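Colleague: Now for the letters of each chain:
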Amino acid sequence: QKEVEQNSGPLSVPEGAIASLNCTYSDRGSQSFFWYRQYSGKSPELIMFIYSNGDKEDGRFTAQLNKASQYVSLLIRDSQPSDSATYLCAVNGGSNYQLIWGAGTKLIIKP
Amino acid sequence: NAGVTQTPKFRILKIGQSMTLQCTQDMNHNYMYWYRQDPGMGLKLIYYSVGAGITDKGEVPNGYNVSRSTTEDFPLRLELAAPSQTSVYFCASSADRDTEAFFGQGTRLTVV
Chain Y
1052 QKEVEQNSGP LSVPEGAIAS LNCTYSDRGS QSFFWYRQYS GKSPELIMFI
1102 YSNGDKEDGR FTAQLNKASQ YVSLLIRDSQ PSDSATYLCA VNGGSNYQLI
1152 WGAGTKLIIK P
Chain Z
179 NAGVTQTPKF RILKIGQSMT LQCTQDMNHN YMYWYRQDPG MGLKLIYYSV
229 GAGITDKGEV PNGYNVSRST TEDFPLRLEL AAPSQTSVYF CASSADRDTE
279 AFFGQGTRLT VV
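As you go down the protein sequences, you meet chains Y and Z in turn. Using my numbering, you'd call the opening residue of the first sequence number 1052 and step up by one each time. Using my numbering, you'd call the opening residue of the second sequence number 179 and step up by one each time.
The set of hints was computed from the structure by calculation and includes no laboratory data. Treat the numbers as computed from the prediction; the structure is a model and nothing was measured. Be careful, since some hints might not be right.
As the list claims (entries may be wrong) - A partial selection of chain Z residues facing chain Y, derived with a Cβ cut-off under 8 Å: (1) Gly218; (2) Gly220; (3) Leu221; (4) Leu223; (5) Ile232; (6) Gly236; (7) Gly241; (8) Tyr242; (9) Glu257; (10) Glu278; (11) Phe281; (12) Gly282; (13) Gln283.
Glycine included, C-beta positions come from ideal geometry on N, C-alpha and C.
Please work from the sequences and hints to get the whole structure.
Modeller: Structure below.
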């Protein structure tokens, strides 16, 4: 059974600090890794994707991938109250077409 | 562009009733998906399609059916609704398997 694990939280971070979200996955054949943000009662929206080992930066967001250790993380710098949401990690499950989703980490940014 | 449009937004069904959730996308995406999301859980894939006329089962297909007669439309049919099908349903589409998935606004379904 292919799995994606996330700490459910809530993760509470002061405004302006760095929020660090982590995700581990079980399928070593996974090629693509995605972070989606989901506000309460809304649909998920893509924040970042990463395919290669290392870091990928986009504005205040940095995705980090370590395939040897099978984890992917999302860093949010200068956290804002508007970043408060649930962050979903999704991993492409190797040879088939299915994304495997983590249960999400609820992030709370405290003013 | 409207993106992915789902209807209805809310629905209450009685046990044993049937319904169809509609999904339309105007981005000419080949890949379309139906997910369900239970409280505190991640998305579970019900069915997916890689193009018109091609559908396949996902992780939790029992109790559901789909069809894909056009690129734009991917309806989800619930037959003989059960309380276990109470959930939020999302339709999504993507240009390719490894590209961004765009989601509809979701359908909150309650079976009583």
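Colleague: Give me the numbers of the hints this structure contradicts, sorted from smallest to largest.
Modeller: Numbers 5, 7, 8, 9, in rising order.
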